[in-house]
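Peer 1: Counted from 1, the sequence shown has number 401 at position 126 by the numbering used here; the numbering is strictly sequential.
Calculated from the structure, these hints are not laboratory results.
Note that the structure is predicted; figures quoted are calculated from it, not measured.
Glycine residues also receive a C-beta, built at the ideal position from the N, C-alpha and C atoms.
Check each hint, because a few of them may be wrong.
As the list claims (entries may be wrong) - Below, a list of computed lysine to any residue pairs in the SDA-like style, where the Cα atoms sit at most 20 Å apart:
| id | residue 1 | residue 2 |
| --- | --- | --- |
| 1 | Lys485 | Gly367 |
| 2 | Lys485 | Ala497 |
| 3 | Lys485 | Glu547 |
| 4 | Lys556 | Pro350 |
| 5 | Lys556 | Arg493 |
| 6 | Lys556 | Gln416 |
Unchecked claim - Derived CB-CB ranges, DEER-like:
| id | residue 1 | residue 2 | range |
| --- | --- | --- | --- |
| 7 | Asp453 | Glu547 | 35 to 43 Å |
| 8 | Gly501 | Gly429 | 39 to 47 Å |
| 9 | Gly335 | Asp380 | 30 to 38 Å |
| 10 | Glu532 | Gly482 | 29 to 37 Å |
| 11 | Thr285 | Gln484 | 42 to 50 Å |
| 12 | Gly317 | Arg369 | 21 to 29 Å |
| 13 | Arg486 | Arg543 | 26 to 34 Å |
| 14 | Gly335 | Gly482 | 25 to 33 Å |
| 15 | Glu508 | Glu415 | 32 to 40 Å |
| 16 | Asp309 | Gly522 | 36 to 44 Å |
| 17 | Arg493 | Arg523 | 43 to 51 Å |
| 18 | Gln484 | Asp453 | 29 to 37 Å |
| 19 | Gln484 | Arg362 | 18 to 26 Å |
| 20 | Ala428 | Thr483 | 44 to 52 Å |
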Amino acid sequence: MTQTERNTGTVLVTGATGRTGRAVADAARAAGLDVRAASRSGAVRFDWDDRGTWDAALRGADGAYLAHPVDIGAPGTARDVGALARRAVELGVRRIVLLSARGEDQALPAEAAVRASGADWTVLRCAWFQQNFSEGPLAEQVRGGELAFAAPAGLREPFVDVRDIADVAVAVLAEPTDRYVGEVLELTGPEPLTWGAALAEVAAATGTQKRYVPVPVREYGAVLAGLGVPAEEVAFLVELFGTLLDGRNAATAGDVERVLGRGPRPFREFAEREAAAGAWK
276 MTQTERNTGT
286 VLVTGATGRT
296 GRAVADAARA
306 AGLDVRAASR
316 SGAVRFDWDD
326 RGTWDAALRG
336 ADGAYLAHPV
346 DIGAPGTARD
356 VGALARRAVE
366 LGVRRIVLLS
376 ARGEDQALPA
386 EAAVRASGAD
396 WTVLRCAWFQ
406 QNFSEGPLAE
416 QVRGGELAFA
426 APAGLREPFV
436 DVRDIADVAV
446 AVLAEPTDRY
456 VGEVLELTGP
466 EPLTWGAALA
476 EVAAATGTQK
486 RYVPVPVREY
496 GAVLAGLGVP
506 AEEVAFLVEL
516 FGTLLDGRNA
526 ATAGDVERVL
536 GRGPRPFREF
546 AEREAAAGAW
556 K
């Protein structure tokens with residue numbers, strides 16, 4: 276496929292220094308797309324909270340990957356996502372891929388805002404990232420001997436590798452037809468694991484002992500408040516975890532294989548790769 280045959284040639288990647296944005300930018304470059312890697316401090320400046328940065332980042336792009344830095348279901352996210360999607364369409368951006376969350380009812384307004392924007396949209400509803408064990412607020416606990424989190428001991432989750440998310444996003448953006456336009460794709464890993472089983476994979480890969488400690492959701496909210504998390508954010512997270520961690524996402528989905536023609540990467544591969552790279556040292 277040549278550059279002119281692609282549906283999208285220049286791709287704006289928001290959050291290009293974040294967990295998924297970084298992977299999407301790398302995958303898009305590898306696919307031969309022109310990547311506009313946007314972040315608050317990068318060469319292409321983009322700030323969700325500063326709309327004065329939006330036009331320069333959007334202008335001339337054919338497609339965009341939208342990843343909001345706050346949870347997709349958080350208060351105000353739908354407003355921001357809708358405004359950016361509408362402005363993108365006004366400036367000629369044809370394709371929009373939105374990072375969303377699987378099973379998160381609070382994400383539906385942001386998804387609806389993109390659908391209403393007039394763009395050729397695709398929504399990626401993703402399982403919990405495998406990389407949540409190696410990056411972000413839980414990583415420091417994982418490096419130690421104990422991980423305490425709000426997921427019940429028996430809860431199973433088909434953790435997804437962000438590299439699979441990136442590969443799907445790029446396949447959608449580079450697709451020369453209208454395939455995947457107007458679709459909601461569910462992206463998961465190949466097998467559901469309890470949080471304890473996932474942590475055990477990290478322990479095996481690092482040659483260490485690790486223990487998972489389930490914490491009731493409201494108690495976990497109190498822990499977050501004690502760490503200085505703002506009350507509004509704590510209230511949102513308690514509501515979110517109270518529904519999202521109820522087992523609704525235990526089953527796997529087949530959209531990674533449908534789009535890419537291969538199965539999703541397993542958690543063990545992620546754990547071994549990150550351990551070799553020194554993620555938990």
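Peer 1: Which hints from the list above does the structure break, by number from lowest to highest?
Peer 2: 1, 2, 4, 5, 8, 13, 14, 15, 17, 18, 19 and 20
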